[in-house]
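Undergrad: Sequence:
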Amino acid sequence: MTNTELNILKKGTCPTLSGKSKLSYVIGTDDNAVYIRIAANTGGGFYSGEWVAVKDIEAALTKTPDEVTSLALFKLFKGKSVNSAGFLLAVLKHEGVVETVKGKKRKHTYVDIARIANLSKTSTKKAAPKKKATARRATR
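Under our numbering, residue 140 is the last one in the sequence shown; the count climbs by one each step, no gaps.
You may find that some hints are simply not true.
In silico lysine-lysine, DSS-like type, Cα no more than 25 angstroms apart, as pairs [as the list claims (entries may be wrong)]:
id : residue 1 : residue 2
1  : Lys107    : Lys78
2  : Lys107    : Lys93
3  : Lys121    : Lys55
4  : Lys11     : Lys93
5  : Lys22     : Lys78
Treat the hints as calculated values from the structure; they're not laboratory data.
Keep in mind the model is a prediction, meaning the values are calculated, not measured.
With these hints in hand, go ahead and build the complete structure from the sequences.
TA: Written as structure tokens, this is what we have:
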């Protein structure tokens with residue numbers, strides 16, 4: 001991704017997969033795509049703060065939709081930190097994109113990325129202006 005400025009669609013926090021720390025993340029968009037990046041970690045684990053395209057995340061998840069682990073997301077990061085893929089998976093779990101397989105802490109199933117991919121469509125809609133209340137005069 002280029003270093004263009006993104007419009008922020010959502011900021012959030014979630015626990016890591018281990019539950020030992022909390023992550024802050026940002027979802028943003030430019031004219032072409034929606035992106036996610038890890039913004040902070042309350043624990044000691046290093047991570048990459050690079051933006052990752054949601055379309056690339058979806059492509060990685062659909063390769064093994066029934067057995068998703070952080071390894072599926074590892075190639076999305078340019079060799080910065082081994083934690084990045086696991087942290088991204090924690091964000092995707094928090095956002096409902098993947099669900100933990102019952103009885104398997106480290107395996108997830110891909111559900112749907114539409115909630116994240118469609119954020120740009122829902123956030124760019126303008127709300128209808130509110131009508132001004134008019135004062136009514138009591139008549140007798």
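Undergrad: Indicate, hint by hint, whether the structure satisfies it.
TA: Results of checking the hints against the structure:
At roughly 23 angstroms between alpha-carbon atoms, Lys107 and Lys78 fall within 25 angstroms of each other, so this suggested pair holds. The suggested pairing of Lys107 with Lys93 holds, with an alpha-carbon distance near 11 angstroms, which does not exceed 25 angstroms. Under the criterion of a C-alpha separation no larger than 25 angstroms, the hint pairing Lys121 with Lys55 is consistent with the structure, at around 15 angstroms. For the given pair, Lys11 sits about 15 angstroms from Lys93 by alpha-carbon distance, which is consistent with the 25 angstroms threshold.
With a C-alpha separation of about 23 angstroms, the suggested pair Lys22 and Lys78 falls inside the 25 angstroms cut-off, and the hint holds.
Violated hints: none; the structure is consistent with every hint.
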